[in-house]
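**Q** Given chain A, put chain B with the ligand in place with the hints provided.
Residue numbers (the working numbering), protein chains in the order written: chain A, 1 to 458; chain B, 1 to 468.
One or more hints might be untrue.
Covered stretches of chain B, going by a simulated chain A footprint (3 or more residues, C-beta under 8 Å) [stated by the list, open to error]:
no., stretch
1, 36-44
2, 54-61
3, 79-89
4, 120-128
5, 156-163
6, 385-396
These are calculated hints, taken from the structure and not from any lab test.
Everything numeric in this text was worked out from a predicted model, so none of it was measured.
All C-beta atoms, glycine included, are put in the ideal place defined by N, C-alpha and C.
Each chain, letter by letter, is given below.
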Amino acid sequence: MLLRHTPETNTEKTALTVNPAKTCQPVGAMYAALGIHNCLPHSHGSQGCCAYHRSALTRHYKDPIMATTSSFTEGASVFGGQANLMESIHNIFTIYSPDIIAVHTTCLSEVIGDDLKQIINKAAAEGKIPAGKRVIHTNTPSFKGSHVTGFANMTQSMVQYLSESTGKKTGRINVIPGFVEPSDMEEIKRIAAEMGVKTVVFPDTSGVVNSPLEGKFRMYPKGGTVVEDIISAGDSTATLALGRLASLPAAKLLDTKCKVPLFPLDLPIGLRATDAFVDQLRKTAGVSVPESIMVERGQVVDVLTDMHQYFYRKTAALVGDPDHLVSLVQFLTDLDMKITSVVTGTPGGPKFEKAVRACTGDETFVKSGAGADMFLFHQLVKQRKPDLIFGNTYAKYIARDEDIPLIRIGFPIYDRVGHQYFPIVGYRGALRLLEKILTALLDRQDRDAPEESFELVM
Amino acid sequence: MIEILKEREQQVYEKGESRFDLACEKPSLAGSVSQRACVFCGSRVVLYPIADALHLVHGPVGCAAYTWDIRGSVSSGPELHRMSFSTDLSEREVIYGGEKKLYAALTELIEAYKPRAAFVYATCIVGLIGDDVQAVCARVEAEQAIPVIPVHSEGFRGSKKDGYRAACEALFRLVGKDDETPLSPRSINILGDFNLAGETWIIKEYYRRMGVETASCITGDGRVGEIGRSHRASLNVVQCSGSMTYLAQLMKKTYHIPFKRVSYFGIEDTAEALYTVARHFKDAQVLRNTEELVASEVRRIYPEVERFRTSLEGKKAAVYVGGSFKAFSLVKALRHLGIKTVVVGSQTGNKEDYDYLGEICDPGTVIVDDTNPLELSRFMTEKDVDLLIGGVKERPIAYKMGVAFCDHNHERKIALAGFEGMVNFSREVYSSTMSPVWQFSPARIGREARTAVDADVESTKGHGAARC
Ligand code: SF4
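Just chain A, same shape as in the assembly (with noise of 0.2 Å):
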């Protein structure tokens, strides 16, 4: 369908993003939000952005989105949106009792210039927040940075208003999971859990956008991380950060406020992004990689040496998010695979290019920012002939274009079930990763061998 629209030269775009490769800050901070427990995420805005992210994580996860919208209207945006915040924290806590209401703003309230901070403390001051109750808010303006620096904004906020040093230390280590699905927070607790680490996790949707049926409507599902963990994050030995753009700002941030040491580290998706990870679990907490945990390992190791002649120089393209992408070229480039283009609309900068070129080399095209769009990946994939390609949904048009096997990755999903349930980190995801990348190779094998070739043994 796009194939019409898109011609195979460069087209020069100077001043318009065709077919965004990422989307706005606030539906990341809502999703972070959600990951608090007992949390009512809240769009300082009009009514229509929340909506929106409703809808998108609804569509992605297919499960009940709950947030609250300050509904501005013309009187807000010129008098400002103070009242309709005041209004708003007041009526939640009577009509929806949430533990914690998470502010984000949208690119009115930030143009504006509301000042949050100062109205909930005006909000505490005038009785408005019911005690126990917190209110914390993040800014995320929607014409800076994506849907992931968004989430880390709202991450880092978390952080700011309740992590805590009380100078008595709980032993625990932090691990701030990034922007993933809940089946990825959940299996990093997992593997923490089996090599007997006590954690924090956060934020953790796990269990939140992904919860079971149960017969009732919950405005609050079981999951999330409590906030008195968050608040104890302060005292905990270390802090892990998975993912450069979507951890980092907050696992610095609680270095700096509560001198918690912070190890940066790629989401650990793959072999050796995994390895990382538990290394680093094991020497931070002191303790010994279990022997279920070497078998994990070992079963992963093992599939990729029966099958590696089928990825022996395929070529892949990939889109999506910075801490997404540079843990997937990572282990495709590991597998043999050749990676063609690399592509994604949230701004990584030179660190993320460095990232990508470090297990790439030259030959790669690399591009995030302004001007990256799926436009722009659309004539990368025709081009360059890739074998497979990696991306969230709304690369199945193009994928349908060229004819060339899809893999979802990334965020949002609409048509497909599995990502909030099976994780892709860890070495049970890079299993599954490399389940899904052999099938669709293989398929395509069979689909296009010729009759005296298709047999029943690969």
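**A** For chain B with the ligand alone, kept in the frame of chain A given last:
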């Protein structure tokens, strides 16, 4: 039990109580989990299906990203509307203004895609930073010789309804441009059908069989050229009245075209719609054609609908949709299936609409304006419904409660309009309501006995498994 806020008490009504005076058309309460959207959303959904026009969203990237190919309005030709174009404003433009970028983007896009017209949607912050979108559009229009139309859809200017109005104003700029193309004296404009899952095509085909020419579809499978000649049609047939009445009024005032409100949903309403048009032309042949059409279609679909009804009789439904007109038809269509509507509401209904709803609903029905999930789920539990009809955000809520669901909004893959639409609708309602999955839902334990005794309607048809 949840509390309904004092401020919202007037927006909920249970039929049978003494006074019926539902408060509506109020902005949502600050801090509510409103299901409503904004002005931009309203404009975007109405104009979106015009397939040979360029739709450029002037603002930060989000608004464009969220409306990228989101609606399922299909086109029989060009598909330019399915692309997502954004000026992707950054901090720089927020400070220094985005006019230059808008001009460059428009020029580049028009040169690359050669559209028949361009719509420029001004989003929230564009209004605030004070870009003169009008002036930029005028300049590009002069240079490129196609209509370049600003759509004033700054999100905060009101609710979705105000976006409809902005869309109508934009559309009106395209009306009256073509005085040449010959048009039958028996021609109409189809207003307010957006060709979800090809629905406009079904309706258009009915009119063709009646001997009525469709001058333009506004905006389902829409074309700039068709809209240009729409002022010479003899009648405007308005379906989604919430969004399109304003355009019809404009056309009446300027071009003296009368308009009729109709609905193509359900058997009676579809038939009534076609008769309304036939009667307008006072032409014996058209009337005969219409009678034949309706009779043969009803004959064709009735047995099928009846079969579904056998199993569905006695079930209860909740309806929560965007426009209230849709709610009317749904209540009637559900009645055809033996299903009682016990909760009904809309995001944007007005006083008249709710009065009418009050008339057609049974006593005890809860009528709500601009509800939120907590309220809605409470009403659903209290009234013990089997089915919810709503939009994207409502679907998982219903499922979590063990309640069947039918999408009557943007996520529709099958046509629900016209006579065949009624069969599709019946099948969808049946397949969800009677699905064996509910026996696994804790909420339904004890109720599934009812499901078990009902024979499987689909299997009685004797051909294949239509369930999936
Ligand atoms: S771009 Fe701005 S107006 Fe649009 S959805 Fe994002 S925050 Fe809201």
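**Q** Take the hints in turn and mark each one as holding or not.
**A** Comparing the hints with the structure gives:
no.	hint	verdict
1	36-44	holds (count 6)
2	54-61	holds (count 4)
3	79-89	holds (count 10)
4	120-128	holds (count 5)
5	156-163	holds (count 4)
6	385-396	holds (count 4)
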